[in-house]
Every structure is written in structure tokens, then in C-alpha cells.
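Fit chain B to the known structure of chain A by using the hints.
Protein sequences, first through last, are from chains A and B.
Just so we're aligned, residue 1 is where the first sequence starts under this note's numbering, counting upward by one.
Just so we're aligned, residue 1001 is where the second sequence starts under this note's numbering, counting upward by one.
Derived by calculation from the structure, the hints in this document are not laboratory data.
Hints should not be assumed to be uniformly reliable.
Calculated lysine-lysine pairs in the DSSO-like style (CA-CA distance at most 30 angstroms, straight line) [said to hold, decoys possible]: (1) B:1348 / A:278; (2) B:1440 / A:289; (3) A:267 / B:1440; (4) A:291 / A:233; (5) B:1395 / B:1032; (6) A:338 / B:1267; (7) B:1080 / B:1032; (8) A:448 / A:338; (9) B:1338 / A:338; (10) A:369 / A:338; (11) A:338 / B:1361; (12) A:233 / A:289; (13) B:1348 / A:348; (14) A:233 / B:1330; (15) A:330 / B:1289; (16) A:330 / A:348; (17) B:1034 / B:1080; (18) B:1440 / A:291; (19) A:440 / A:330; (20) B:1034 / B:1073; (21) B:1330 / A:218.
The primary structure of each chain is shown beneath.
2 protein chains.
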Amino acid sequence: MVLDRREFIRNSTLAGLGVAFFPNQSFGSSIKQKLSIGFIGMGLRGMDHLMNALERTDIQVKAICDIDKERLKLAQDLLKEEGKSPALEFGKDEYDYRNLLELNKIDAVIIATPWVWHTPMSVDSMKAGKYTGVEVSAAMTTQECWDLVNTHEATGTHLMILENVNYRRDVMAVLNMVRQDVFGELMHFRCGYQHDLREVKFNDGVHAYGHGVEFGEKGFSEARWRTLHSLKKNGDIYPTHGLGPVATYANINRGNRFVSLTSHATKARGLHNHIVEKGGKDHPNAKLKWKLGDIVTTTIDTANGETIIVTHDTNLPRPYSLGFRVQGTKGIWEADGKRIYIEGEAAKAHRWEDADKCLEKYDHPLWKKFSEDAEGAGHGGMDFFVLNAFVESAKRQIAPPMDVYDAAAWSSITPLSETSIAEGGQVQHFPDFTRGRWIKRRPYDWIKDTF
Amino acid sequence: MVLDRREFIRNSTLAGLGVAFFPNQSFGSSIKQKLSIGFIGMGLRGMDHLMNALERTDIQVKAICDIDKERLKLAQDLLKEEGKSPALEFGKDEYDYRNLLELNKIDAVIIATPWVWHTPMSVDSMKAGKYTGVEVSAAMTTQECWDLVNTHEATGTHLMILENVNYRRDVMAVLNMVRQDVFGELMHFRCGYQHDLREVKFNDGVHAYGHGVEFGEKGFSEARWRTLHSLKKNGDIYPTHGLGPVATYANINRGNRFVSLTSHATKARGLHNHIVEKGGKDHPNAKLKWKLGDIVTTTIDTANGETIIVTHDTNLPRPYSLGFRVQGTKGIWEADGKRIYIEGEAAKAHRWEDADKCLEKYDHPLWKKFSEDAEGAGHGGMDFFVLNAFVESAKRQIAPPMDVYDAAAWSSITPLSETSIAEGGQVQHFPDFTRGRWIKRRPYDWIKDTF
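The following block holds chain A by itself, in its conformation from the complex:
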């Protein structure tokens, strides 16, 4: 997608094309002291971000947007409670967010809307020159992945995918270990989203969890929009919580890249069974044929010869787990069971050790520094760090730790896995969203105590 030149100049308040090719360099010498943010989407996730933003002294919340007036009111109430000025309100229709984007006084935007809006809103936001933070996953189709990349490259505006799991304390300690070569040469990874979402996908239209078997227009919160993806699509529809950390370990788009994948889905049973069990076999939803296989298994080959197994498993009874494994020539870590084996360091050959000691020893500098700030920030503190990285990157107008190429590559699992499954498991090749520059793009410097 090539932007109209005039539109580009009008919308791009900061950057020339050049910045896209030096994405890690600071643009301009000054760091903004205060960042003015607009929030698009004031659902549960948007409110999480708003609450965390209000803990900071360097953020001004200038505008909020939601098509649901009740959500706007909740957000305004929160601002008031915290002694802040009311924010400008948007949301009179689904495209009113564009008016928010026109505001000159806004530097950055956080998008926490239903998935199908992530890319269109991100594209508009980058065109408007707003430093853009988008919730996961960033894109639904391969074309959308390209839309994000192309818009970034045409406008010079940065986008950050707000993958909070990259900031989980054990995930970051293991990143520290990876960078210090504790695992040796990296070989194999496992990860995924294994989370029984049956009570998220269905509710009674009032309560978020634990009641009813409605969804879509009769549902509340995520059930209003998320569940339709399970009805209509068969693929890994939510890949980034697992894949983000692994992609970071493996320096994807920075000396490495995803090359190809194959995907396999089981039959679909869990959602139908849930409806019948909770709503009775005569409930109208019991007639629906769910397209999403209950467990979707994707295996990725990387340019550097690693493999990654990514799991999507949200319709069956099971405890939560992102199922991380990192395996190299010197050892292996598994999040499940919190266990580790490092050759030469383990007390006994061929015997697991508890990972706690290692995770403490390699605790990430960011966690050492900010663990108190992170407390209570949601999802075990990760939400503090992901917002912090976004804000600090935006204040400097530099590329974020997880940039538009990451957003595109990680999100592209969804359409590629759909095609692979539809073709009976046939191998699919990843587009190279860096246009060949992955061979020289340098790894992001994750091991630091700033952000």
C-alpha cells in the first residue's frame, strides 16, 4: 500500500521515510516529558491500561473512545476518582475514533478493541502520526500484516504490539539466560495459549464470567465479539502470548525469521458441549457448528534452523498454561513444573532441577528495578512493563521493543495456520515482512534497566 504523498505529509507530524530504515535510533534529541494519550476501546483491557496509565506522572489522558457510552462513563469516573480532568469523548459511531486521531494534542494512542478493528485503527493511527500501541493480536489476515508494515514504512510512525507476556518475570529471566548463552545455541521452543475460555466466550449478557451461554449481540464484553472467531474460523486465532516471548528469544526479524509452518486442528467439541451442559440441548446455540478445532498445533521452522511448537487450546477443561519450553545445546527450561536442566550445572546428570534458583539468579534488570511499581499492575505485573516500554519509546519517538515487523510476523500465524489446516496440513511460507532486512537488523537490546 502506498500512501498518497500529500496525505503522507499532512498526517506525518514527525518523521520522514528515513526513520523506517533506522528504526532503533532516536528521532530528534529531546525526550518528551509528558505524553498525551488517547485510548480507543474502553472495555476490560482498555480499562486495565487506563488504570495503569493513571499510576504514572508522565501520561496525560486526553481522549477516550468507545461506542458503548457506559464504558466511557466508567472511564470518566476513574479519571475523576484519580483527580484528573475529564477526557474528550469519542464513539458516536464506529468510525468516530478517526476524529480522536485528528486531535493535534495527542501524541500516542492505545488501541484495545475487538480484533477485527486492530489493523484498521492502527493504520489510521499511524497515518495520523500517532505513536501507536495495539493490543494482541495485531492483524487477522496476511494483507492486514502488510498493511501495518506498509503504513509504518510510508509514514515513519511507530507501532508497538502490546504483548504483555514478554514481560512476565520468568519469561524475562529466561531471556536474560538466553542472552548470556546459558542454553547454548538455541534449538527448539514450545509455547501456546492453553486457557479454558468457555466462560469468557459465553455469558448471560450481563456478567463477564460464569453465567449463561450467550454470545455475539446477546453477550457481554469479550463474548460479544471474540466468540464469533471460534464459530467461523479454524486456525490459531490468538498466537502472540506464547509466540511473542519465543520470537524475542530467537531474534525473529533480527538475524532470524519465521520461514514456514504447518498446522493441525482437532475436531470441535468443547464449545458445543459447554452450551448443551449449561444451556440445555434445546438452547438455540446448541445447533451451531463451531469451526475452531479445540486444539490447534502449529510447528514453525526458522531461518536459523530452530523449530517452534505453538498451541491454541481454549475450548476444553484444563488449567491455564502458556507451555513454554526453551531448549538449546546446553540445556532446557520448561515453565510447566518450573524445571530446568543445564549440563554441567545440574547437580545430577539427566535429572531436572527446580528452576527457581536460576530464575532468581538471572532475574531481569527491569524486574529488579521496577518490581514494586509493577505490583498490582495486573497480570502479575507484566502490564506495568508493557505500558512502560510503550510510553518510554513513545516519549523518545524511537522504535519500541516489539515493533511493527514483530506485530506482522507474530500475527501472521493466524491466517497461515488457517490456510494450512484448510489444506490438510500443507506447509505455508511466511512473507518476509522485513523485505530482506532481517539479515542485518540487529537484535533489540532487551537487557537493560531503563525500559
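Then chain B, alone, in the frame of chain A:
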């Protein structure tokens, strides 16, 4: 492969073609009281079986075969120690086993030789009318898989694949749970062979483990032959320890079947690194290019809509694990971490429980009955059960629990994964070794206290 009719009649001492189509039915009314067995291959594994055989009162060891005279002597010494008559010796050349097979007084044969001999010897053994037990894996190529099936169908002679892990106590308890519908409708399985074999693949030609980096003609025991497979092939070269139990859970070939797979291999580093570390970078073996990717991931689709992830991981430092997972619509079990979650039975929603209580509750009738006999039988007692099933099936001349179709289907992972990897992950379709009969073949009755 169609046998010459005369050869068929000459070799087939027991069966007409009919038996192949009623494989679970007893042939003849009498149960042999004593089974005369010939052993082909007196290496470490063959000696395991011999030792366990000598614990039984219903086995007569009539003949032994090995091309290594020292191994024959070890076997004869063992017979003498146990107060048995000496066995006839074979092994003057690689084909002398055929003379063992000509012995009329032998009812059954146990084959524990290097992998490339498994199918040729099994085919010859079935042609000679001997009830055949073959160690894992049974076949190296798709044609070999067919050779086993075709020979069975042409001769009516049975073959059992001696997969001992099917008899592991937790594996059998979980089988009991599967049959009692504890997991609900089965959806997804994981399994594999994750075993650091570096000190098995290399030694000093004298000791089995822990010394030297030689293999092939300069190696001892498994290093003499097993290691070459890692040098020359890239695929899942040892799939059955994981897949045998899972195939049994899923009733593969008995109302279900493997439909297709895709496989992915990492780069090969572990064996080279091991040679350099233990033998120095100037050791001649440090120049070798190893073909086997250190971790091979295979995902299988079944006719009933389940998926199975099979892992092969033998070249890197790591604790041993077969990595079992069984997941259904009602719950999930994982061997790693010994954990289980069954909806409605778990004390807390979304929380793992220790599997011990369940494994005890569903302890398999065979283990309840034979646990004392199994003690000390090797590999935690499993070896007792696999030999017991072989002997009892052979005494009755009936199809064994793990038959020639299982041997073919499970072993076919090796050639199919090789092709998939060579083709960059392309999907491969399984031959239907049952020639369509899987739709009506009845599940084997595993839950009984006889064998």
C-alpha cells in the same frame, strides 16, 4: 508381496489365510503348555528378554543366534546358571538365523537385532510359521511396513511388536481411565522419545556407556549400528515408545487410523558438539556431518479428528521423558509433573492435581495381579508384561495385543517423517495397512487380568 504358493504351504505350519481375517480368534482349541522359543540377537536387549524368559516355567529356550560368539557364550552361561540345557547355536554368518527358523521344534521367535534386520528377519520368521516377536521399531521403510503386513496375511502367522512402554504402570492406568471414559471424547495426545543418547551412540568400543566417541565398527553394542541412523537419516527414527501407548488409547487400526502427518527437524548440533567435547576437535569423527536434526517434531491427524504430537529428541542434554499427554473433552493428564485435571472431579476449577491418586484408583488389573512377578524384570517391570503377552498369545496362537498392523502403522512414522522433512514439512499420507478393515476391526480388549 505375494508368496510363492509352494513356499507358503511349506513354511506355514499352522495357519490358512483365513486366520488373518479373524485375527482375534483362537486358532485351534488347545493352549500350548510349553512354548519353545528361539532368540535372534543376544545383545543387551536380547539378553533382557532371555533373562525374563528364564523366570517363566512355560518357556523352553531351544536356540540362540548372534554373529558375535561372545554374546552366544554369555547367553549359554546364563542358561547354565539357571540350570537349563544348552541352546542350539546359530550365527556363523548374517543369514544363519534362517537355519534357526528351519527348526521344527521352535514355536516362536524373539528378534532383538539392529533395526535394519527387524523386517527381513520377521518376514522370514513368519514365512517359517514361527509366532514372531520383534523389537521396536519394526520397519525402516514404507515397503518394509507392507512386507510385514503382506507376509502376515499370506502366511496367517502372527507378529507382535514388543513395545514395552505400552505396559508401563502409569500408561496402563491411563488406558484404564481412557476406556472408562474419564477423559471423555479423546482430542489430543503428546508423546515422544526424549532421551539423551549421546553416551549410547558413542563409546570406546569396550564399555557400553560413558567412554569414548567411537561408533560403527569401532563402537560397542548399540553404538555399532544405531549411530549410523543419526549420521544418514533425518526423521523420527524411533517413534514407537511414545506412539505405541497413544495408538492404543486412540484405537488406531481398530475404528480409527493415522491419516496424515507433517514433520519438522531442527538443525543437527548435539552429536558433533559431543564428539568435539569428549574427543577433541581433531578427532576424525569431528569432521562428520550428522543428518539427524536434534529434535524432530511430528504432528499426526487421525481419522477420528484427534491430533498427536510425537517428538524425537536424543542428541542434546536433557532429562529422560516420553512426554505423554492425554487430553479429552472432560480432562487432561500429563506424565511430566504427574498431573491431572478432570472437570467436576478436581477440587478446584482450573487447578492441576497430583495424578497419583487417580493412577492408583485406576491401576490396571494386570498390574494389580502381576506386580510382584514384574519386579526386577527390567524397565520398571514393563518387560515382564510385554513378554507375558507375547508368550500367552503365542501359546494360544491368537493375534497379540500389538499386532502386525500396529507394527506397520507405528513404524511408518519413520519413512513418512523423513519424506516430510526432506520436502520442507509437506504433509504425507499414511498407507492404510488394514486395507480398509480399520472401520470394522474391533478394539483390542486391554482391560483384563490375563495378559
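Checked hints:
1. B:1348 / A:278: Holds - the C-alpha atoms of residue 278 (chain A) and residue 1348 (chain B) are around 18 angstroms apart, at most 30 angstroms.
2. B:1440 / A:289: 28 angstroms, holds
3. A:267 / B:1440: Between residue 267 (chain A) and residue 1440 (chain B) the Cα gap is close to 22 angstroms, so the pair holds against 30 angstroms.
4. A:291 / A:233: 5 angstroms, holds
5. B:1395 / B:1032: Satisfied, since the Cα-Cα distance of roughly 5 angstroms is no more than 30 angstroms.
6. A:338 / B:1267: Distance of about 26 angstroms is within 30 angstroms: holds.
7. B:1080 / B:1032: Distance ~25 angstroms between residue 1080 (chain B) and residue 1032 (chain B) Cα, so the pair holds.
8. A:448 / A:338: 25 angstroms, holds
9. B:1338 / A:338: 13 angstroms, holds
10. A:369 / A:338: 23 angstroms, holds
11. A:338 / B:1361: 27 angstroms, holds
12. A:233 / A:289: 11 angstroms, holds
13. B:1348 / A:348: 35 angstroms, violated
14. A:233 / B:1330: This hinted pair holds, its Cα atoms lying about 23 angstroms apart.
15. A:330 / B:1289: This hinted pair holds, its Cα atoms lying about 20 angstroms apart.
16. A:330 / A:348: Given pair residue 330 (chain A), residue 348 (chain A) holds - Cα atoms ~14 angstroms apart, limit 30 angstroms.
17. B:1034 / B:1080: Holds: residue 1034 (chain B) and residue 1080 (chain B) sit about 20 angstroms apart, inside 30 angstroms.
18. B:1440 / A:291: 28 angstroms, holds
19. A:440 / A:330: With a Cα-Cα distance of about 27 angstroms, the restraint between residue 440 (chain A) and residue 330 (chain A) holds, given a limit of 30 angstroms.
20. B:1034 / B:1073: 25 angstroms, holds
21. B:1330 / A:218: Judged against 30 angstroms, a Cα distance of about 27 angstroms means the pair holds.
When the structure is compared with the earlier hints, a violation turns up for hint 13 alone.
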